[in-house]
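Use these hints to put chain S onto chain C, whose structure you have.
Chains as they are written, first to last, in this note's numbering: chain C, 1 to 316; chain S, 317 to 532.
Below, simulated DMTMM-like cross-link-like pairs (lysine to aspartate or glutamate); rule was C-alpha separation at most 20 Å, straight line:
no.: 1; chain 1: C; residue 1: 26; chain 2: C; residue 2: 182
no.: 2; chain 1: C; residue 1: 39; chain 2: C; residue 2: 124
no.: 3; chain 1: C; residue 1: 251; chain 2: C; residue 2: 87
no.: 4; chain 1: C; residue 1: 26; chain 2: S; residue 2: 382
no.: 5; chain 1: C; residue 1: 251; chain 2: C; residue 2: 272
no.: 6; chain 1: C; residue 1: 39; chain 2: S; residue 2: 382
no.: 7; chain 1: C; residue 1: 251; chain 2: C; residue 2: 316
no.: 8; chain 1: C; residue 1: 26; chain 2: C; residue 2: 43
no.: 9; chain 1: C; residue 1: 26; chain 2: C; residue 2: 55
no.: 10; chain 1: C; residue 1: 26; chain 2: S; residue 2: 363
no.: 11; chain 1: C; residue 1: 39; chain 2: S; residue 2: 405
no.: 12; chain 1: C; residue 1: 39; chain 2: S; residue 2: 393
no.: 13; chain 1: S; residue 1: 437; chain 2: S; residue 2: 371
no.: 14; chain 1: C; residue 1: 251; chain 2: C; residue 2: 270
no.: 15; chain 1: S; residue 1: 437; chain 2: S; residue 2: 405
One side only, chain S facing chain C, incomplete, derived with CB under 8 Å:
no.: 16; residue: 405
no.: 17; residue: 407
no.: 18; residue: 426
no.: 19; residue: 480
no.: 20; residue: 506
If you are wondering where the hints come from, they were derived from the structure by calculation, not from laboratory data.
The C-beta atom is built at its ideal place from N, Cα and C for all residues, glycine as well.
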Amino acid sequence: MQSFSYLLARTPQEAAALAAATPGAKFIAGGTNLLDLMKLEIETPSVLIDINGLDLDTITSTPEGGLRIGALVLNTDLAANPTVRSDYAVLSRALLAGASGQLRNMATTAGNLLQRTRCPYFYDTNMACNKRSAGSGCSAQDGVSRQLAVVGASPACIATHPSDMAVAMQLLDAEIHTVLQDGSERVIPIEDFYTDPAANPGIETVLQPGELITAVHLPAPLGGRHYYQKVRDRASYAFALVSVALVLDGKGGGRVALGGVAHKPWRSREADALLPSGAGAVMSRLLAGAQPTHENEFKILLAERTLAGLLSASAE
Amino acid sequence: MNSEDSIKPSRRDVMVVGAASSALLVNACQSATPTTYAEEGPPVVNETTSTVTLEVNGTPHRLTIDNRVTLLDALREHLRLTGTKKGCDHGQCGACTVIVNGRRINSCLSLAVMHAGDEIKTVEGFGTPDAPGPMQAAFIREDAYQCGYCTPGQICAAIGVLEEIRAGVPSHVTPSLTGPVEASPEEIRERMSGNICRCGAYSNILSAIQSVSGAV
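The following block holds chain C by itself, in its conformation from the complex:
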């Protein structure tokens, strides 16, 4: 690990200003992914700004009838929150499907959104990776790609976003609230938050230098029945091959989002509209243009069958 200075932030505005003005600065909250990457010297911040002292760890109601989730709310606490369990069950289920109990006790809401891919070539510094080292190439294209993206990827990068929580957040039309270095604030719909990997896979979100996530807002509850089905190589504590977040409105309609298939949670409103026609119709639309490798083409059928299984179960 490379040496760094360590600072405690006092306010979100100061933290954003300091991070923007200091080359090599990074925020640290739970640290569960960042410290791992620092040990491997994939991340080499010169300054760590500890934001854990900021007052961003509460869950409150919004005037619109939704929920404001502070950036520092721990994954365990978000999953166990009574309102989330009753009104946003898909979010609880997604969180509980991710990581281990120890990690959920450290990982934060904002950090979960910003975690990096688990593509093995991103973590192996001996291998070419455009995300880690721009222009070096992509070892995954002809490598071990079982876990990697089948849709939305580019020849430059086929990494997947590893989060389960973000898949549910995308389904729920979450909005990400931030503060910028000049103290101004902005709201980013989660569907606009992650950037395509074509141009520069190393840049993954629309966040500007120093911009700090302060909260995630959820709209008023959707109602309906909530499902989160994660398919993985072992029963617990593994990243998704495919995950399906689903909310059904009881009248044949609903929403679908996929994890484990792209660089971001994968959803389209056009595909949602096809839910009354069944899993095949939804996936034909949602995964249109997919370009899987020979190692991960199974994900196309797996996604369809996982959704079909949920729809079948919901009809019982």
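Then chain S, alone, in the frame of chain C:
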């Protein structure tokens, strides 16, 4: 290394130490409001060590350490509390599990300097060889280990698991998110999935945890 048990700082001192480690940022922010950073350039920050007081098993320890030191390495290498084990050092095996402010965490994925004012409890804090705590006694009674390397992490994780169940925190296998949470074998297995045992003592680990969960 810098453990000075004789100092015994008070809670108030912990707060002061916490403030001191933030002095650089405070100075930077006081000397330059956010809107003037561009004019004045980035603040100069080059301190790579910090002084922090860690309260471990009820005893405060004041340490001046490199910022890179993880909580795990602070416990083992600086405080000589070698009960907590280093397995993978990447948060995958659970051998480093300790309890911080009542919750189990991977101490390998947390920096020591981030724990000023926290209450840290390691396997040494739950009993001694002569007077083992309930979970430690259960692991011995149920023969819940072979080589024993993962055992301190298993014990700390198990204590955290039972507390989470008692608090009603649901898990991936909890049938209803709005119903009760029970210490069933399925629940315990799911919740212990962050702790790997290469000897494969899992069935006896489950027995040990169940025997304690029934006792409380």
